[in-house]
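Generate coordinates for the entire structure from the input sequences, incorporating the hints supplied.
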Amino acid sequence: MASLSAQVKGGIEDKAVPPDGLLIKTLNLWKTYLMGSVEIHAVCGVDLEIQRNEYVAIMGPSGSGKSTLMNLVGCLDTPSSGDYWINRRLVSTMSDDELAYIRNKEIGFVFQTFNLLPRASALHNVELPLIYNGTPADARIQLAKESLRMVDLEDRMHHKPNELSGGQRQRVAIARALVNHPSILLADEPTGNLDSATGQEIMGLFDRLHERGNTIVLVTHEHDIAQYAHRVIHIRDGKIAKDERTR
Amino acid sequence: MPIRESIWLALDTLRAHKLRSFLTLFGIIVAVTTLIVVVSVIEGMNRYIAERVANMGSNVFYVTRFGIITSAKDWIAAQKRKRILMDDYEALRAQLKLASAVGASSWSQSDLKAGDKQVYDVGIRGTTPNMINIGTEQVGDGRYISETDFSHRSYVCFIGADVAENLFAGSPLGKTITFRGQTFEVIGVARRIGTVFGQTQDNFVHIPLTTFLKIIGTNRSSMGIAVQALRPELMEQAQDEARLLMRARHHLPYSQKDDFGIVSSASIYALWENLTGTIAMVAVGVTAVFLVVGGIVVMNIMLASVTERTHEIGIRKSLGARRRDILMQFLVEAVALSTAGGVIGVLTAFVGTRIMAATTSIPSVLPLPAVFTAVMVSGGVGLFFGIYPASKAARLDPISALRAD
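As they're listed, the protein sequences go chains D and F. Under our numbering, the residues of the first sequence are numbered 1 to 247, in order. Under our numbering, the residues of the second sequence are numbered 1001 to 1405, in order.
I should point out that these hints are in silico values taken from the structure, not numbers from a laboratory. Keep in mind the model is a prediction, meaning the values are calculated, not measured.
Reference listing, derived: stretches of chain D covered by chain F, where coverage requires no fewer than 3 residues with Cβ under 8 Å from a Cβ of chain F: (1) 70-83; (2) 92-106; (3) 125-131.
Here are the simulated DSSO-like pairs of lysine-lysine, each with C-alpha atoms no more than 27 Å apart in a straight line: (4) K1018/F with K160/D; (5) K1214/F with K1082/F; (6) K105/D with K1392/F; (7) K1097/F with K1257/F; (8) K1214/F with K1080/F; (9) K1080/F with K1257/F.
All C-beta atoms in this analysis are idealised placements derived from N, C-alpha and C, irrespective of residue type, glycine included.
As structure tokens, then:
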């Protein structure tokens, strides 16, 4: 009886809005897919807390559920059950358009394949998130230029992605992710398509961004890359297998 | 996303796929071109008919043997009608109360000779002296047929500008023309009228009606009686009065139809509008079919575009584009695409009608409301047929869209 009441009580307390500074909080997060008549549990009851200005790597072999978890954390997907707060907002029950707003305001994505619009200039690519929150054109260009300056690409802003090297493209993507000053930077295998020297260059940039106060969540399966983070979370079979502070 | 961004994006996409856009728009271009050309020609013809063909002089109508006949059956039946003769003219002139002037003329054709020069198939008109005031011809040089010429059955003539030019080097006044075995003195030359549908209107000779009847024979020719009503608003009443008089003269019972015709500018114009109305309706029908086909092609290409750009949509969604942003992007693109088709169609039609005006005598006037409507309608077609592809794009799941190549 005692343990049950404690659970209920705990549940109520956990439902409360997380304190300021706790950027990400998930509570018993599940994601279940239906393959024909078979239920596949990609994420099974994950409890995750990430503080402001943490530098976290999420590691796991392919099929471990780390991509699904990243999609949930990045608000690209909605959980089957469980609660998820980002920057003190409960997002697990939000509608499509509300999630779009959260993605725009709170999350900066950096993808393995860069995901830049091929026919738009670097500047226009960086402007995109600002277009979707209605920033006026002149302010938009100003902010996009500042963001490109942060990744040392101001002189390349009128180039299209195919006129840039892989490392430069990823820096444009990082500038785009940062332009709205999001709460977290969510990088999915950011060095996966780069040679190791360029990969190190990008990781150095992440280090600098972390020092400036950004919160970074890195999804990777490479130990070399994960060691840049200060905390490594290992995912196996949709569960957190190990959560260790490495620095 | 602001509409300006969407338009910019849409135009950029059109620029990137010029040939594909053009092929896509072919149906809409053809539809709009057809519509504008037909409407331009009808509009041009309308003005032309009103100014040139149906222009009989102000407040004037004609009482003729045949009137306006539009079928072969009516034409055969009308052959039995009585001729309109000098007696009818005199009766109308004496009895019409609502007419300010009543004139008469009769028509024939003849070859003309003057000295060693000859012209063929010139319209010969025998007229009453007041026809210069009732009809549209005007005296350019000399004078028209006088009452004295009329009562003396003089051998004088009033000629059109073409006749004057073709038969005489200098001034034709006082010179003579020979036709039907008689010699006529030229007393006046008409001011140049111009052409209607490429046909010159200046190839005529007027002689006194009395002289005309003497040469041709009194009973062999029918004539037209021209009546000028007192005031424009009395046109209908004057026509009724003339009709009543003619029916009484022809002893027509109440149940029988008129055995003569009354022709006015309004009745010619009404006949014309009846015809062009049918043409316009056919054109609108053809255009509607083309537009639907064009719209379906636009829908098809937009669906292909959505599939092709699934990855782009995924990127945009990951950066915070809402459903309505994506919806707007593709709707604006569809509207821009088809509006461009409309504009190209209008330009093609404009160039086409200019070429037609330069090479043929078909008149055309580009009516601005039709241009505006055509562009709006083609935009509307894009909007309608863009809804399905755009909503398909807007509903894409961000994750699977991002995974697409």
